[in-house]
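Peer 1: Below are the chains, spelled out letter by letter.
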Amino acid sequence: MHLGLDEPVRECQYNQICTRNSSPMETLSHKKKRTPRRKWQIFPGRNRFYCNGRVMMARQTGVFYLTLVLIMVTSGLFFAFDCPFLASNLTPAIPVIGGVLFLFVLGMLLRASFSDPGVLPRATPDEAADLERQMDAANGSSGPGYRPPPRIREVVINGQTVKLKYCFTCKIFRPPRASHCSLCDNCVERFDHHCPWVGNCVGKRNYRFFYLFILSLSFLTIFIFAFVITHVILRSNRSGFLNALKDSPASVLEVVVCFFSVWSIVGLSGFHTYLISSNQTTNEDIKGSWSTKRAKNNYNPYSYGNVLTNCCAALCGPLHPSLIDRRGFIQPDTPQPLSHSNGSGLYPSTQNHTHMAAATPLLHSDPVMMGRAGPPPSGKTSLGGPCSSLAPSQPSLPSSMPGLGCAGDMLTLRDPDAHCHHHHFVSPEEMPSPLGPSSLVLPFAAHGGHLNPAQLYDPASQDSLHEDSVRGLVKLSSV
Amino acid sequence: MNHSLQDIRQQAAISAKVFIQRDYTNGTVCQFQTKFPSELENRIDKQQFEETVRTLNNLYAEAEKLGGSSYLEGCLACLTAYTIFLCMETHYEKVLKKIAKFIQEQNDKIYAPRGLLLTDPIERGLRVVSFTKTLNSH
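First to last, the protein sequences are chains A and B. The first sequence begins at 1 in this note's numbering and counts up by one. The second sequence begins at 1001 in this note's numbering and counts up by one.
Hints should not be assumed to be uniformly reliable.
[To be verified] Straight-line distance between alpha carbons at most 35 angstroms, and here's what the computed DSBU-like set of lysine-lysine pairs gives:
1) B:LYS1035 with A:LYS296
2) B:LYS1065 with A:LYS293
3) B:LYS1094 with A:LYS39
4) B:LYS1017 with A:LYS287
5) A:LYS163 with B:LYS1133
6) A:LYS39 with B:LYS1098
7) B:LYS1109 with A:LYS163
8) A:LYS293 with B:LYS1109
9) A:LYS39 with B:LYS1017
10) B:LYS1098 with A:LYS165
11) B:LYS1017 with A:LYS296
Please keep in mind that the hints were generated in silico from the structure rather than gathered at the bench.
Could you build the full structure based on these sequences and the hints that come with them?
Peer 2: This is the structure we're talking about:
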């Protein structure tokens, strides 16, 4: 799935032609003559986009391919080796039902993986400045370099006091139930958890697909397990157990895969059924936000009171639209959201976000670059049993953790063959302001000041800039 | 060009945008605060402002309403494996179009003559309703 790469290749060629026709208009800015860019190309989070922005996934997708392979191979073996026997000896309804289940499972998996989980777009500079003003007015002024305390707003929902935290990366006060995913570097509404098996976050917009996926997968696994065993038993009745195994060797593999999957998948489905019926997210359940152990009169303010309404609301409620508008064209006059690398969270004041803007080319090139980098080495992906065991790493320090947590992932960005990626760097006009010469930008300072501001806008040196940035951030991870 | 914190704040004040934040007292539904901001005191009257925000809130509540029709839509979509949305748009999207029209109307009739521009919250990720002061009279 590297369809998104066609665009950057075209862009490379287009820019070359453009510079040759020197005319006063065109020398002004390459941006005006470029093909209009879509918003996904400058998306500040760490996501991968395919099919020109239609498909949105997390950065690490290796485990998702494993899920896909496991499901397809097991089902394929079932249809090829067990179904002919079962169809002729029992009923042809078996492969039909199996086929429908399989297609439903695949459909839900792809839907959960490819859709926007409910990402909250980052604040525009005006909004961030307005919020900063309000917060400083409330807290009293603080000098530059002093790190202000975490900002919290309290709101009473249905009689319960809920704390809204300020997200230093996205520059917004997170809505209730929203959380910042450190793996994807986005705030996600009604954040449930980040699922590596699905290759995406599970949030407000794709929770029902995720739930239907694991539910239908449980049925499919049980279905295949039951009928493969039936198949082997029927064959052994005719020709003995060992001969039966010899005649259908694939059955052994299927039984083994299904046996192990059943325990985890069915368990997970049960857990999520409980969560849906009590209208909680995995995040809230793990933290015990609404448990009575915290406080005597603690209750879930979002629950509708009865199980049926909770289930209907989660599964049949309205489908919210995506707030990030991935495929929209970038308008030159509309304010672009603040985007800065994770390491910059240590300097939350607005002054420093401009410096961090220089680090964004590193992240902006992700959507294109990662498409060519291939699946990451297995050591990088956080495997572990079912999704429920992967609690989102809630940054206790709102900003520094994402930086340290993700810097290890930056190693995968070393791709010296990505020649065209510099065209996707934020062009000078899009950056909020040029880098101040005296700024102490942490990532760049880490490798001893290779960079000077003049270099930033020279497309020819973007590759070296990229390498330096990666090195700088890798050093940050060792801090 | 060294941008200090003061410069940025000044710029923000000059472009003069007033942001109406979300109101979460009813949970996660999309509602905006109806508290009248002091920066708009000399541009529009309180009643007008409150009516606009209240109508917006009602429209968003309609979009997110849980009821017979939304359940029906959800079940139908599930049965067709969500392919039905290739040919028809969701109820929420229909209401968003209504909201866009309402905002356009409000701008033309009420806010533009007073030198204000109301932006559709969907363009700001449903975080804020922003009023931009277009006349530089202050």
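Peer 1: Decide, hint by hint, whether the structure agrees.
Peer 2: Hint by hint, here is what the structure shows:
Taking the CA atoms of LYS1035 (chain B) and LYS296 (chain A), the gap is near 34 angstroms; set against the 35 angstroms cutoff, the hint holds. Straight-line distance between C-alpha atoms of LYS1065 (chain B) and LYS293 (chain A) comes to about 33 angstroms, which keeps the hinted pair within the 35 angstroms bound. A threshold of 35 angstroms between alpha carbons decides the hint, and for LYS1094 (chain B) with LYS39 (chain A) the separation of about 23 angstroms falls inside it, so the pair holds. A distance of roughly 38 angstroms separates the Cα atoms of LYS1017 (chain B) and LYS287 (chain A); the hinted pair therefore is violated under the 35 angstroms criterion.
Taken as a hint, the LYS163 (chain A) and LYS1133 (chain B) pair is honoured in the structure, with Cα atoms around 32 angstroms apart against an allowance of 35 angstroms. Restraint check: the Cα-Cα separation between LYS39 (chain A) and LYS1098 (chain B) comes to about 24 angstroms, which is no more than 35 angstroms; the hinted pair holds. Taking the CA atoms of LYS1109 (chain B) and LYS163 (chain A), the gap is near 39 angstroms; set against the 35 angstroms cutoff, the hint is violated. For a cut-off of 35 angstroms, the pair hint linking LYS293 (chain A) to LYS1109 (chain B) is broken: about 55 angstroms separates their Cα positions.
This hinted pair checks out: LYS39 (chain A) and LYS1017 (chain B) have alpha carbons roughly 23 angstroms apart, not beyond 35 angstroms. At most 35 angstroms may separate the alpha-carbon atoms for a hinted pair to count; LYS1098 (chain B) and LYS165 (chain A) meet this at roughly 32 angstroms. For the suggested pair LYS1017 (chain B) and LYS296 (chain A), the alpha carbons sit about 44 angstroms apart, so the restraint of at most 35 angstroms is broken.
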